[in-house]
Amino acid sequence: MTYSEALTAAAAAADPAKKPIWPVVLGVLAWVFWSNLTILFNKWLIESTEFHYPIILTTWHLLFATLATQLLARTTSLLNSRHTHHMTPRTYLRQIVPIGLLYSGSLVTSNLTYLYLNVSFIQMLKAGGPIITLLTSWGWRVARPSLESFLNILVIAFSVGLAVAGEVQFVWTGVVFQVASLVFDANRLVMIQILLTQGQGQGKKMDPLVTLYYSAPVCALTNALIALGSGEVAGFEWGVVRRTGWGVLLANAGVGFMLNVSIFVLIGKTSGLTMTLVSVPKNILLIVCSIVIWGSPVSSLQVVGYGIALLGLLYYSLGWRTIQPLCEAAVTKVKGWRRGEVYKYEPV
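Under our numbering, read the sequence shown as residues 702 to 1049, first letter to last.
Just so you know, the hints here were simulated from the structure itself, not pulled from any lab data. Being a predicted model, the structure only gives us computed values, none of them experimental. Any given hint could be a false lead.
To be verified - Ranges between beta-carbon positions, derived for each pair:
| hint | residue 1 | residue 2 | range |
| --- | --- | --- | --- |
| 1 | W723 | C1028 | 21 to 31 Å |
| 2 | F742 | M788 | 30 to 40 Å |
| 3 | F742 | G930 | 25 to 35 Å |
| 4 | L1027 | G930 | 16 to 26 Å |
| 5 | K1034 | F734 | 26 to 36 Å |
| 6 | S1000 | T792 | 42 to 52 Å |
| 7 | K1036 | L779 | 22 to 32 Å |
| 8 | S931 | L779 | 27 to 37 Å |
| 9 | P724 | V856 | 25 to 35 Å |
| 10 | Q1025 | V726 | 21 to 31 Å |
| 11 | W841 | W947 | 34 to 44 Å |
| 12 | S782 | V993 | 38 to 48 Å |
| 13 | V726 | G930 | 39 to 49 Å |
| 14 | S1000 | S782 | 33 to 43 Å |
Note that CB positions come from ideal geometry on N, CA and C, so glycine has one too.
Based on the sequences and whatever the hints tell you, model everything.
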């Protein structure tokens, strides 16, 4: 299924009669906004303040999400649908805990990456996310393998390799952390997609807030254990919190909470693979912001490699049947324009 087909299918599922596309579009825009804001906020917080604790920062985000969803469940009706789910300990261990563990692994490794690589290079590496997600979908048998898709992801992998080759601040540790983050995230997205698909078949689909309500506690606990094992807790000083400012940390956690909600909303309306494909234009915007804010260096080879990756993702998203008429129309228009120019200046 291509990206455009996924958007159409998601819209049709929402309302078969009208097939509105605007909820999906709004979901995409919300995720792009909150994702980029969270990344830039975290980058600034870790590098420009004394709060050099990426794992503790991630744990704080998830603890905030846990407290926020618990408060909403007890003071509002936003999470009343949780009562319709028979969440037994066995179901929780099989369906929620693995997603929470993968989510924690993705967030921790992603935050650790910022200690070694600049934002621009990280976003270029993330261009390989759709490749990993597609291969993961094949492994979970969510998507059907095809030779065309395989050749397409090879082109994308080659172009991402060009971007990596042009990096002047290449650090293997950061690259390993980023690849691990992509693998964790791909499996998490596919597992959420499977959970939502099975839930729809049984009439027990979880809405985004309920999913976060169940997954945030196990994520927070896992991250806390990782922080203890990594030594961050032992080296943590509470004076850093005061000097950084409670207001700054609360605002950062609030932004992270909105990102978590937007992620579950977008996956519920589309799919894990569609979400990774949408991340490409989001990453371009983030690269531009990184260059403007921090002056991150970007080489011409990186631009070429990332451009090829975008073309490959565009082809995979739209498909040749969609691109071919557009190319033919553009060629026809150019030919018509040239004939008009020749006729205009031709002497009588």
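Going through the hints against the structure:
no.	hint	verdict
1	W723 with C1028: 21 to 31 Å	28 Å, holds
2	F742 with M788: 30 to 40 Å	33 Å, holds
3	F742 with G930: 25 to 35 Å	26 Å, holds
4	L1027 with G930: 16 to 26 Å	53 Å, violated
5	K1034 with F734: 26 to 36 Å	34 Å, holds
6	S1000 with T792: 42 to 52 Å	50 Å, holds
7	K1036 with L779: 22 to 32 Å	57 Å, violated
8	S931 with L779: 27 to 37 Å	35 Å, holds
9	P724 with V856: 25 to 35 Å	32 Å, holds
10	Q1025 with V726: 21 to 31 Å	25 Å, holds
11	W841 with W947: 34 to 44 Å	42 Å, holds
12	S782 with V993: 38 to 48 Å	42 Å, holds
13	V726 with G930: 39 to 49 Å	42 Å, holds
14	S1000 with S782: 33 to 43 Å	50 Å, violated
In this structure, the hints that do not hold are numbers 4, 7 and 14, in rising order.
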